Amino acid sequence: MLPQFLQALQDSAVATAIREGESLFPWIESVHVLAVTLVIGSIAIVDLRLLGLASRDRSVLQMTALALPVTWSAFGIAVITGTLMFSSNALSYARNPFLQAKLLLIIGAGLNMAIYHLYSARGASAWLTPVLTPTRARIAGAISLALWIAIAACGRWIGFTLHTLP
Amino acid sequence: MSTADALCKWLAATPLSQTIASVAWIIPAVQTVHILAVSSVLTAVLMFDRRLLQAGTREPSMAWVARRFLPFIWWPLPVLLVTGLTLIVGEPARTLLNPEFFLKMGLLLVAVLVTLACQIPLRRDPDFWHRQAARRWAARLLAIASLLLFAGIAIAGRWIAYTQST
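These protein sequences, in sequence, are chains A and B.
Those letters in the first sequence? Residues 1 to 166, by the numbering used here.
Those letters in the second sequence? Residues 1 to 166, by the numbering used here.
No wet-lab data here; the hints were simulated from the structure.
Since the structure is predicted, the reported quantities are computational estimates derived from the model, not experimental observations.
Backbone N, C-alpha and C define an ideal beta-carbon position, used for all residues, glycine too.
Among the hints, a few may not be true.
Claimed, not checked - Taking beta-carbon pairs under 10 Å as the criterion, some of the chain A residues facing chain B (in silico):
| # | residue |
| --- | --- |
| 1 | Ala13 |
| 2 | Thr16 |
| 3 | Ser23 |
| 4 | Leu38 |
| 5 | Val39 |
| 6 | Gly41 |
| 7 | Ala44 |
| 8 | Leu51 |
| 9 | Val70 |
| 10 | Trp72 |
| 11 | Trp148 |
| 12 | Thr161 |
Put together the whole structure using the sequences plus the hints.
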């Protein structure tokens, strides 16, 4: 079922155009890198505030209001461009351990964020200084930062392993 | 043989270059650190330029945005220099004979000048760019130029991988 789907994806007109075009793939990859840098940078703004390492004179909620609109717009662009690159060589990408690890880590980052918003962020309106930020929120920030650094590393490693794996 | 060719040949023959090129994890690891530093610069530039574009709004203040984000533009530059030089030493011909690399460095030089032009007036007067209509328009133009320049730097950086001479 999955191999047929991947094959069909790879044979689609869009995927074929990306694979065979001279400059389509590098352009899509450039936009992907640009979007990913903004996803990681804007999430780091929130993480560093949760950890009390930056923006110490602003509340956590002020920092999420500043950063998260950037995070979500850039994440949308990263997903679209990432899917386009994946489609151009779907069978090969699907087997790549670094892509698999990257997707799992993104799911992990999503879960960490969901847990933070549903559980850890209760009472966040009162966290006006780093002293008031509870340990559970600091842990969420540290996990998020570590996961996104690992996601960036996996993303870069995909480019070095795509054609070298059997 | 041109000077650049000779330099590349000499660099590529050094033990340091051969170590960087032959140990498989070094280049992707250094690129990951490079991209994370880029992530800090681009996100901080976006936050700073976004504030320059919003001439009328009051919160967060220009003084706070400059204090919070300008260091995240300048601090990563030494990291980018060291990781960038490591990549050049590892694969000299990939960059030093590559027009995209020199485009990137040219754009970087202009981007640094535009960033300085935006921030230097703020040292004396944090509201400098918001005091007169003419200054507000100048600030918007500088912000748009800055966003285009930094996006161009990232795009040219990714294109280095696709235009290397053989």
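Here is what the structure says about each hint:
1. Because the smallest distance between the Cβ of A/Ala13 and any Cβ of chain B comes to about 23 Å, over 10 Å, the interface hint for this residue is violated.
2. Here the hint on A/Thr16 is broken, as its CB sits about 19 Å from the closest CB of chain B, past 10 Å.
3. With 10 Å as the threshold, the beta carbon of A/Ser23 comes within range of chain B, its nearest partner Cβ sitting at about 8 Å, so the hint holds.
4. The closest approach between the C-beta of A/Leu38 and any C-beta of chain B is roughly 6 Å, which is under the 10 Å cut-off, so the hint is satisfied.
5. Here the hint on A/Val39 is kept, as its CB sits about 8 Å from the closest CB of chain B, short of 10 Å.
6. Proximity of A/Gly41 to chain B holds as hinted, the smallest CB-CB distance being about 3 Å (cut-off 10 Å).
7. At about 7 Å, the closest approach between the beta carbon of A/Ala44 and any beta carbon in chain B falls short of 10 Å, and the interface hint on this residue holds.
8. With a least beta-carbon distance of about 15 Å to chain B, the hint placing A/Leu51 at the interface is violated under the 10 Å criterion.
9. Evaluation of the A/Val70 hint against chain B yields a held restraint, the C-beta minimum of about 7 Å falling below 10 Å.
10. With a cut of 10 Å, the hint placing A/Trp72 at the interface with chain B is violated, because the nearest CB-to-CB distance is about 14 Å.
11. Given hint, A/Trp148 at the interface with chain B, holds; its Cβ is 9 Å from that chain's nearest Cβ, closer than 10 Å.
12. The beta carbon of A/Thr161 comes within 9 Å of a beta carbon in chain B, closer than 10 Å, and the hint placing it at the interface holds.
Hints 1, 2, 8 and 10 from the list above are not met by this structure, while the remaining hints are.
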